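Just so you know, the sequences run in chain order A and B. In this text, residue positions in the first sequence follow our numbering: the first is 1, and each later residue adds one. In this text, residue positions in the second sequence follow our numbering: the first is 1, and each later residue adds one.
Hints were generated in silico from the structure; no laboratory data involved. Please note that a few of the clues may not be correct.
Said to hold, decoys possible - Only pairs whose alpha carbons sit at most 30 Å apart, straight line, appear in this in silico DSS-like list of lysine-lysine:
hint: 1; chain 1: B; residue 1: K196; chain 2: A; residue 2: K167
hint: 2; chain 1: A; residue 1: K32; chain 2: B; residue 2: K11
hint: 3; chain 1: A; residue 1: K32; chain 2: A; residue 2: K167
hint: 4; chain 1: B; residue 1: K58; chain 2: A; residue 2: K167
These numbers come from a predicted model, not from an experiment.
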Amino acid sequence: MSLFLIFLSSFLVNNIILMRFLGLCPWLGVSKKLSSALGMSGGVLFVMLIASWFTWAIYKFVLLPFDLIFLRTAAFILVIASLVQIVEMIFRKFIPALYSSLGIYLPLITTNCAILGTTFLIVDNDYSFVKGTVFTIGTALGFALAIILFSSIRERLELSEIPDALKGTPIAFITASLMSLAFLGFMGFLGLSI
Amino acid sequence: MGKYFSEGIIKNNPVLVLMLGLCPTLAVSTTAFNSLGMGVAVIFVLALSNVTISIIRKIVPDAVRIPVFIVIISTFVTVIEYVLHAFLPDLYSQLGIFVPLIVVNCIILGRAEAFASKNGFFASLLDGIGTGIGFTFAIFLMGAIREIFGSGKLFGYTVFGAEFVKAPVLYMILPPGGFLVIAFLIGMMNWIRQRKGKTKNSIQI
Numbered sequence: 001m002s003l004f005l006i007f008l009s010s011f012l013v014n015n016i017i018l019m020r021f022l023g024l025c026p027w028l029g030v031s032k033k034l035s036s037a038l039g040m041s042g043g044v045l046f047v048m049l050i051a052s053w054f055t056w057a058i059y060k061f062v063l064l065p066f067d068l069i070f071l072r073t074a075a076f077i078l079v080i081a082s083l084v085q086i087v088e089m090i091f092r093k094f095i096p097a098l099y100s101s102l103g104i105y106l107p108l109i110t111t112n113c114a115i116l117g118t119t120f121l122i123v124d125n126d127y128s129f130v131k132g133t134v135f136t137i138g139t140a141l142g143f144a145l146a147i148i149l150f151s152s153i154r155e156r157l158e159l160s161e162i163p164d165a166l167k168g169t170p171i172a173f174i175t176a177s178l179m180s181l182a183f184l185g186f187m188g189f190l191g192l193s194i
Numbered sequence: 001m002g003k004y005f006s007e008g009i010i011k012n013n014p015v016l017v018l019m020l021g022l023c024p025t026l027a028v029s030t031t032a033f034n035s036l037g038m039g040v041a042v043i044f045v046l047a048l049s050n051v052t053i054s055i056i057r058k059i060v061p062d063a064v065r066i067p068v069f070i071v072i073i074s075t076f077v078t079v080i081e082y083v084l085h086a087f088l089p090d091l092y093s094q095l096g097i098f099v100p101l102i103v104v105n106c107i108i109l110g111r112a113e114a115f116a117s118k119n120g121f122f123a124s125l126l127d128g129i130g131t132g133i134g135f136t137f138a139i140f141l142m143g144a145i146r147e148i149f150g151s152g153k154l155f156g157y158t159v160f161g162a163e164f165v166k167a168p169v170l171y172m173i174l175p176p177g178g179f180l181v182i183a184f185l186i187g188m189m190n191w192i193r194q195r196k197g198k199t200k201n202s203i204q205i
């Protein structure tokens with residue numbers, strides 16, 4: 001697959017939230033306001049890129065040559081958890097402005113299954129370094145697109161009258177269902193499938 | 001003791017009440033069989049990690065407890081991953097990356113942190129199995145509803161007759177259907193609790 005198709009597939013057709021159902025917790029939790037949605041998207045893009053580079057390198061140069069693939073799950077989650085800690089420390093020390101806008105989202109990102117899921121998908125699809133990077137950028141931008149659209153809809157939902165039982169999460173999921181239906185329209189685009 | 005077991009099934013159902021572990025619930029519930037497979041895998045990991053954590057809870061220093069929990073959980077996840085790969089290869093390929101992703105399922109780390117690290121061996125075992133059954137119940141309900149409407153069958157048996165199987169509501173098996181079914185299941189739980197006169201904020205973790 002060409003780089004452009006990989007990007008398009010991870011960005012729209014296989015959108016990480018609406019099609020793959022990864023990273024639903026931060027998506028529901030941080031989408032009440034547009035500003036926090038933007039912050040979260042920035043944090044995810046940043047951590048996802050670094051995490052995919054590190055886990056790709058560890059998989060290629062440590063786990064594969066020494067026949068340790070069974071340690072994949074444990075190794076990847078520990079790498080991501082420690083990476084987030086290090087990034088947080090570096091931000092706090094050297095880039096305080098960025099820390100104050102992204103800082104609170106960083107711990108949340110550790111337990112974000114979107115990050116771990118992306119690293120697994122890269123390894124499973126046997127992507128090269130460049131393809132993996134393009135895939136990660138596409139996935140993170142897909143996350144950003146979904147969370148920004150959703151937070152805008154949600155700000156509007158605050159003002160609407162909703163049946164008591166459907167308030168909160170249920171109406172959010174109904175919105176998600178309609179958004180996902182719209183994204184289903186990208187299926188078959190340039191011959192791409194789910 | 002029985003309370004530890006039954007608490008997680010309906011009253012504090014991890015998915016429908018506490019909204020934990022939503023990603024696998026939506027992603028693998030395309031058929032009832034896949035849902036059951038995922039549910040059993042989660043019961044296995046949850047029960048064993050709860051037991052292990054409750055055994056070592058007095059040795060582990062507080063500062064490093066989360067990494068220790070994660071390593072324990074990922075060990076059991078790797079075990080179930082290899083077992084599924086060896087004995088149920090079809091199910092394994094259907095569940096895909098959601099088997100290794102059990103490790104970041106918030107239900108498991110949540111029970112480890114909130115229950116197993118404070119309670120004894122037997123209570124933790126019961127809590128793990130009970131919460132696991134609660135998860136399985138929710139994901140099975142999702143899978144059954146989606147399979148019945150999406151393909152007209154349940155476990156391969158026709159439900160609405162042959163005409164329906166020819167033109168089922170395909171929407172239900174595709175991703176949008178997952179969002180819709182979970183929305184109405186959570187809405188139904190809310191409705192039942194509101195009718196009982198309980199406030200939404202009475203959830204205890």
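Distance restraint between A/K32 and A/K167, which requires alpha-carbon spacing of 30 Å or less: Judged against 30 Å, a Cα distance of about 13 Å means the pair holds.
Satisfaction of hint between A/K167 and B/K196, Cα-Cα up to 30 Å: holds (17 Å)
Hint consistency between B/K58 and A/K167 [alpha-carbon to alpha-carbon, up to 30 Å]: violated (42 Å)
Holds or violated: A/K32 to B/K11, with C-alpha atoms at most 30 Å apart: Since the Cα atoms of A/K32 and B/K11 sit roughly 27 Å apart, the hinted pair holds (cutoff 30 Å).
Going through the hint list in order, the structure does not satisfy hint 4, though it satisfies all others.
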